[in-house]
Each structure stands twice: as structure tokens, then as C-alpha cells.
Amino acid sequence: MSKELGEFSYSLKLSGVANENVRTVSFKTEIGQSTITPIKLQSFLTRPVTYQLNIINDEGYNFYLENGTLAGTSAVQQATVDKGIDFTLPIKFDPSIIGECNASVKISDKDIGSFFVRLRGISLKGISYI
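Residue 1 is where the sequence shown starts when you use my numbering, and the numbers rise one by one after that.
Treat the hints with care, as some may be off.
Subject to a maximum C-alpha distance of 25 Å in a straight line, what follows is the list of computed DSS-like cross-link-like pairs (lysine-lysine) [unchecked claim]:
no., residue 1, residue 2
1, Lys-40, Lys-3
2, Lys-125, Lys-83
3, Lys-28, Lys-13
4, Lys-92, Lys-125
5, Lys-40, Lys-106
6, Lys-28, Lys-83
7, Lys-28, Lys-125
Label pairs and their calculated CB-CB ranges [stated by the list, open to error]:
no., residue 1, residue 2, range
8, Ile-98, Gly-68, 49 to 59 Å
9, Lys-83, Pro-38, 47 to 57 Å
10, Ile-31, Lys-106, 19 to 29 Å
11, Thr-69, Asn-102, 29 to 39 Å
12, Ser-9, Ser-96, 51 to 61 Å
13, Gly-72, Glu-100, 23 to 33 Å
14, Ser-9, Asn-102, 43 to 53 Å
15, Gly-99, Gln-77, 35 to 45 Å
16, Ile-39, Ile-98, 57 to 67 Å
17, Thr-80, Ser-9, 46 to 56 Å
It is worth saying that the hints were derived from the structure and are not from the lab. Cβ atoms here follow ideal geometry from the backbone N, Cα and C, with glycine treated the same way.
Whole structure, please, built from the sequences with the hints as guidance.
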């Protein structure tokens with residue numbers, strides 16, 4: 001408060017937003033081919049965990065879990081208090097179009113919530129044999 005200016009009250013509406021620091025994994029192959037890239041992650045839970053996995057394709061079905069499905073699980077052993085445990089999540093890129101394809105993999109657990117990894121694939125025109 002100021003003698004000269006008086007008192008002013010403001011109502012503030014504050015909100016929090018999730019961190020947008022999302023990892024991106026890139027893929028590249030020719031149309032008609034597929035490639036599998038393992039995403040390397042670390043778990044810091046001090047109990048064994050089975051992560052729920054869901055592929056969210058933005059356009060067309062171009063990304064899959066290694067077994068060809070869009071949903072599944074990944075079992076991970078418990079980590080120690082001071083060190084996380086590494087695990088890999090193999091993702092298959094099997095493009096249906098030439099050009100750029102985008103998707104996300106949602107990795108979730110009931111106790112920690114969900115996080116995402118962006119998937120960016122480039123599909124090239126194959127060599128034609130005439």
C-alpha cells in the first residue's frame with residue numbers, strides 16, 4: 001500500500017502446467033520396409049513395476065510395439081534408492097506413407113502417472129526396379 005496511490009486488490013488465477021520437456025526418438029526407412037528402434041529408459045521406483053504402454057498414432061498406423069500391437073506392458077525390476085534401473089522399449093516403425101510420420105508412446109503406472117516419448121519417422125521413396 002502506498003499513501004500516494006492507495007490500495008489495490010487483485011484476484012489472481014494461477015495454474016500449473018506439465019513440463020514440456022518431452023524426448024523425441026527418430027526413425028528412418030524406405031516405404032515398404034520397417035525398422036525397430038529400442039528406446040532406452042530408466043526406472044527409479046523401488047518396487048517392481050509393470051508399465052502400461054500405449055502407442056498414440058497421430059496419422060495412420062505407422063508405429064507399433066515390437067510385437068505389432070498398439071498397447072502392452074513392460075515389466076521392470078525394482079531400482080535401488082540411489083540408482084535407477086535401465087530398460088528398453090523396442091518400437092517398430094512400419095510406414096504407410098512417404099514423408100514424415102508422428103506419434104507418441106504413453107508410458108504409465110498407477111503410482112507415478114504418465115509420461116510420453118514422441119516418435120518421429122521419415123519414410124523415403126524406395127528404389128524402383130523396372
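Consistency of the hints with the structure:
| no. | hint | in the structure |
| --- | --- | --- |
| 1 | Lys-40 - Lys-3 | violated (61 Å) |
| 2 | Lys-125 - Lys-83 | violated (44 Å) |
| 3 | Lys-28 - Lys-13 | violated (45 Å) |
| 4 | Lys-92 - Lys-125 | holds (18 Å) |
| 5 | Lys-40 - Lys-106 | holds (14 Å) |
| 6 | Lys-28 - Lys-83 | violated (33 Å) |
| 7 | Lys-28 - Lys-125 | holds (11 Å) |
| 8 | Ile-98 - Gly-68: 49 to 59 Å | violated (22 Å) |
| 9 | Lys-83 - Pro-38: 47 to 57 Å | violated (20 Å) |
| 10 | Ile-31 - Lys-106: 19 to 29 Å | holds (27 Å) |
| 11 | Thr-69 - Asn-102: 29 to 39 Å | violated (19 Å) |
| 12 | Ser-9 - Ser-96: 51 to 61 Å | holds (58 Å) |
| 13 | Gly-72 - Glu-100: 23 to 33 Å | holds (25 Å) |
| 14 | Ser-9 - Asn-102: 43 to 53 Å | holds (46 Å) |
| 15 | Gly-99 - Gln-77: 35 to 45 Å | holds (40 Å) |
| 16 | Ile-39 - Ile-98: 57 to 67 Å | violated (24 Å) |
| 17 | Thr-80 - Ser-9: 46 to 56 Å | holds (51 Å) |
Checked against the numbered hints given earlier, the structure breaks hints 1, 2, 3, 6, 8, 9, 11, 16 and satisfies all the rest.
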